Amino acid sequence: MATDYDAPRKGDEDLEEDSLEQLQAERASETSASVDDEDVVEAAEGFELPGADLSHETLTINVIPAQEDEFTCSHCFLVHHRSQLAYIDDNGLPVCTECAALEA
Numbered sequence: 182m183a184t185d186y187d188a189p190r191k192g193d194e195d196l197e198e199d200s201l202e203q204l205q206a207e208r209a210s211e212t213s214a215s216v217d218d219e220d221v222v223e224a225a226e227g228f229e230l231p232g233a234d235l236s237h238e239t240l241t242i243n244v245i246p247a248q249e250d251e252f253t254c255s256h257c258f259l260v261h262h263r264s265q266l267a268y269i270d271d272n273g274l275p276v277c278t279e280c281a282a283l284e285a
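So the sequence shown is numbered by the numbering used here: it starts at 182 and just counts up by one.
One should not assume that every hint holds.
What the hints assert, rightly or not - What follows is a list of derived Cβ distance ranges for each label pair:
#, residue 1, residue 2, range
1, T278, L230, 38 to 44 angstroms
2, E249, G227, 42 to 48 angstroms
3, I242, A282, 30 to 36 angstroms
4, E226, C257, 39 to 45 angstroms
5, E251, N272, 28 to 34 angstroms
6, A209, A233, 37 to 43 angstroms
7, V260, P231, 25 to 31 angstroms
Derived from the structure by calculation, the hints contain no laboratory data. For clarity, every value in this text was computed on a predicted model and none was experimentally measured. Ideal Cβ positions, reconstructed from N, Cα and C, are used throughout, including at glycine.
All chains should be built: construct the whole structure from the sequences, respecting the hints.
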């Protein structure tokens with residue numbers, strides 16, 4: 182419920198003058214002013230929930246193969262630039278600097 186803090190406040194004398202019927206009528210008019218026109222079901226139809234069935238959707242992605250100056254780390258399987266190559270392990274597989282730092 183919104184409160185207008187700039188409005189003059191009622192004193193004790195004014196509060197005694199307000200009748201119970203008047204206060205109940207004001208409260209009823211405030212609650213009836215709420216918006217009931219919008220159908221909740223119609224509003225919810227436009228939202229996609231997490232875990233929703235998206236099997237009918239198709240994704241189109243252009244996959245670019247690894248470039249000559251890139252490698253795939255054998256530990257984290259991420260594609261990195263050659264400047265992040267830490268070493269080649271015993272099996273001949275590249276390891277990035279981040280994974281090498283985690284091993285140390």
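Hint by hint, here is what the structure shows:
1. The supplied range of 38 to 44 angstroms is met by T278 and L230, whose beta-carbon atoms lie about 40 angstroms from each other.
2. The hinted window of 42 to 48 angstroms between E249 and G227 holds, with their beta carbons roughly 46 angstroms apart.
3. Against the hinted window of 30 to 36 angstroms, the Cβ-Cβ separation of I242 and A282 comes to about 31 angstroms, which satisfies the hint.
4. At about 41 angstroms, the CB distance of E226 to C257 agrees with the hint of 39 to 45 angstroms.
5. Taken as a hint, the range 28 to 34 angstroms is violated for the pair E251 and N272, whose Cβ atoms sit roughly 19 angstroms apart.
6. With their beta carbons about 41 angstroms apart, A209 and A233 fall inside the hinted range of 37 to 43 angstroms.
7. A C-beta distance of roughly 28 angstroms is found between V260 and P231, which places it inside the suggested range of 25 to 31 angstroms.
Taken one by one, the earlier hints fail for this structure only at number 5.
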